[in-house]
Amino acid sequence: MPPPRWTSWSSENRGLTADLTAGRRLVSRPRLPGWAAPWLLLTPALILLCVLVLLPYAGALLFSVTDGRLITIGTLPRLVGLSNFEKVIGSTGPEFGLVVAASAVFTLGTLVGSLGLGTLLGLAVTSLRPKLRGPLLALLLVPWIIAGVVVGYTWKLVYDPQIGLANAMLVPLGVGRVAWLLERWPAIAALVVANVWAAYGVVLLVVSSALTNVPQSLILAGQVDGAGTLTIIRRIVLPNIRRAFLLAALVAVVSGLNVFDLIFVMTGGGPTYQTETLALTMYRLTFRRGDIGEGAAVTVMLFCFSLALAIVYVWSWQREARKWR
Amino acid sequence: MEVIPLGPLGRAARFVALAGGLAFTLVPVLWVASLALRPAGAVTFPVSLLPPSLTLENLRTILFTDLGIGPRPYLNAAFYGISCGVITAIISLMGGYALVRYDLAFGRALLLVFLALNFLPAAARLIPLFLLYVQLGLYDTQVGVILAYVAGITPLGIWLMAGTISQIPIRLEQAARIDGAGSATMARRILLPLAMPGVLVVATLAFVDGWNSFSLPLILMQRADAQSYTVVLQKYVQADVGINWNLLAAGSLLALIPVLTAFALLQRRLITSGGFSGAVRG
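Going down the list, the protein sequences come from chains A and B.
So the mapping is simple: the numbering used here equals the position in the first sequence, first residue as 1, plus 567.
So the mapping is simple: the numbering used here equals the position in the second sequence, first residue as 1, plus 129.
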């Protein structure tokens, strides 16, 4: 017997009642077998993700153990084992340790800065009347949607020794003109400030949406017990948004680690590699030096680190989700 | 949470924090505007904080003269951004619907994969993507650039759409079925109107992503006439601007206008969209 069409409602059609209670099968398309419809709907997304995301990631893994070069593109590269990783780690111009140190400081600076600023402003904004919250949040989120390149130029215009805003404000105070981007540590600090500016919006968004879900009764209970504002924030509010912190921290670390545009236009990794991070090393090795293998080795390092953080996050998300079921 | 109780000291601290935060956030943007909108002679050391007079000359130079960039990259970026927004919204709506409304064998695992993909660095796929595009003949094509954007933002899109659709009561769809609606009618009359806020959020985020993207078009697109605004701006600044700060500021200000407009139109939905507490792009 052919399956009944959904439009043919009749008293003998007992199948429909069963479907109604089952719920989900009702929304499948009538002339296709039920299992095919969702996969058809998912097809475009899955094809794109497999070909343009997963395959490239696999490709990076593969290229990292070959001697592929840009000039010999098209010919099959040879397998060279882990020698690319050895070469990257043992490189002397610039020393790998220098790059790792710059990456670590830049990423940690971004993490601390954006968590601190995002949480502080998140607390301040959520303690306001709801009417004021939306517009303020929108204004504070402006840098978050600005292109990395433009963030770079914006801060270049702030740090410029001649016409920069930073010196224009400092010089009248009697501080001499500072060349912010010409030495290693001032330049890295300047980059951190610029990146915190660009990235703290995510933290603010995550923290403030978590804060609105902290039960008011807990805060009232704290008040009744005589706790002051700071104690309430430290002992009740902040522990309640732990998971949001974890999410925000992971996002900040991954994005800090992979920042490319901003540093590329602000210092280009210079002066003489002093501000080069792993993301820039990857670009330099691949497209300036033409060494796909070594570039891919750096890529794999970045990727593995991010993947570990992603797994931590998904794991904690799932554990939390299970608790609520 | 409604209120954290604040004494007068707390209020003062809050005011300082908010004023400081707003200043830190907005002053750099205002500085760019201040440099971009003043006449060329007014950018010399020591530089004044406010523009002595206002002019649109710098913006005109960038967009419409041989000294600037020309309108083409701007239109290209708009085309990339809008295509990315539309395609991502459609694909994410379909995928999110399938994941929420059907009991798939690997549905939950798939959703977690999408969540994890948000955390993986876009930079890590650049090199193989470049090599793949050369092989597939997608290198230097507009379709290729758009597909690369879409693939990058779709995991976030599907995650957000799954959140939106799971909040639409399934009873509405069942009621439409009983009333004799086919899949197309049901999608158009019930699903789309109810999912629209979420669709708009995904489309806006994808538009901003497409407009802002720099490293993808830098590596996947060679042709000058199809290049995106951010890349052309960077090359222009490197090659021609030198220390013409007016033009650098004007070029940056122009890049801001479309994303700020899109954001202003949709900020309330973007902020209240519950999906953000679940997943945020890195």
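Hints are computed from structural coordinates only; laboratory data are not their basis.
Positions of the beta carbon are idealized from the N, C-alpha and C atoms, including for glycine.
It is possible that some hints are incorrect.
Unchecked claim - Selected chain A positions facing chain B (in silico; Cβ < 10 Å): (1) L619; (2) L643; (3) L646; (4) L649; (5) F663; (6) V667; (7) V672; (8) L675; (9) G676; (10) V679; (11) L682; (12) P702; (13) P710; (14) G731; (15) W752; (16) Y840.
What the hints assert, rightly or not - Simulated coverage check for chain B against chain A, where a stretch passes if three residues somewhere in it have a Cβ under 8 Å from a Cβ of chain A: (17) 141-155; (18) 192-198; (19) 223-235; (20) 337-351.
Hint-by-hint comparison with the structure:
1. Because the beta carbon of L619 of chain A sits about 4 Å from the nearest beta carbon in chain B, less than 10 Å, this interface hint is met.
2. With its C-beta approaching chain B no nearer than about 12 Å, L643 of chain A sits outside the 10 Å limit, and its interface hint is violated.
3. Checking L646 of chain A against chain B: minimum C-beta separation of about 16 Å lies over 10 Å; hint violated.
4. The interface hint given for L649 of chain A is broken, as the beta carbon of that residue sits about 18 Å from the closest beta carbon of chain B, more than 10 Å.
5. Given hint, F663 of chain A at the interface with chain B, is violated; its Cβ is 18 Å from that chain's nearest Cβ, farther than 10 Å.
6. The restraint placing V667 of chain A at the interface with chain B is violated, with a minimum CB-CB distance near 16 Å, outside the 10 Å limit.
7. Given the 10 Å rule on beta carbons, the hint for V672 of chain A is violated: about 19 Å separates it from the nearest Cβ of chain B.
8. Using the Cβ-Cβ criterion of 10 Å, the hint placing L675 of chain A at the interface with chain B is not satisfied: the shortest such distance is roughly 16 Å.
9. Evaluation of the G676 of chain A hint against chain B yields a violated restraint, the C-beta minimum of about 15 Å exceeding 10 Å.
10. Checking V679 of chain A against chain B by beta carbon gives a least distance of about 16 Å; that is not within 10 Å, so the hint is violated.
11. Given the 10 Å rule on beta carbons, the hint for L682 of chain A is violated: about 14 Å separates it from the nearest Cβ of chain B.
12. For P702 of chain A, the suggested interface contact is upheld, since its CB lies about 8 Å from the closest CB of chain B, less than 10 Å.
13. Among the interface hints, the one on P710 of chain A holds; its C-beta lies about 6 Å from the nearest C-beta in chain B, closer than the 10 Å criterion.
14. Below 10 Å, beta-carbon pairs count as interface contacts, and G731 of chain A has one with chain B at about 8 Å; its hint therefore holds.
15. Contact between W752 of chain A and chain B, as hinted, is not supported at the beta carbon level, the nearest pair being about 21 Å apart and thus beyond 10 Å.
16. Among the interface hints, the one on Y840 of chain A is violated; its C-beta lies about 18 Å from the nearest C-beta in chain B, farther than the 10 Å criterion.
17. Note: the segment 141-155 of chain B has 8 residues with beta-carbon separation from chain A under 8 Å; the three-residue rule is met and the coverage holds.
18. For the segment 192-198 of chain B, the stated coverage by chain A is not satisfied: 0 residues place a CB nearer than 8 Å to a CB of that chain, which falls below the threshold of 3.
19. Counting residues of the segment 223-235 of chain B whose beta carbon lies closer than 8 Å to any beta carbon of chain A gives 9, which meets the minimum of three for the stated coverage.
20. Coverage of a stretch by a chain is defined here by at least three residues with a beta carbon nearer than 8 Å to that chain's beta carbons; for the segment 337-351 of chain B and chain A the count is 7, and the condition holds.
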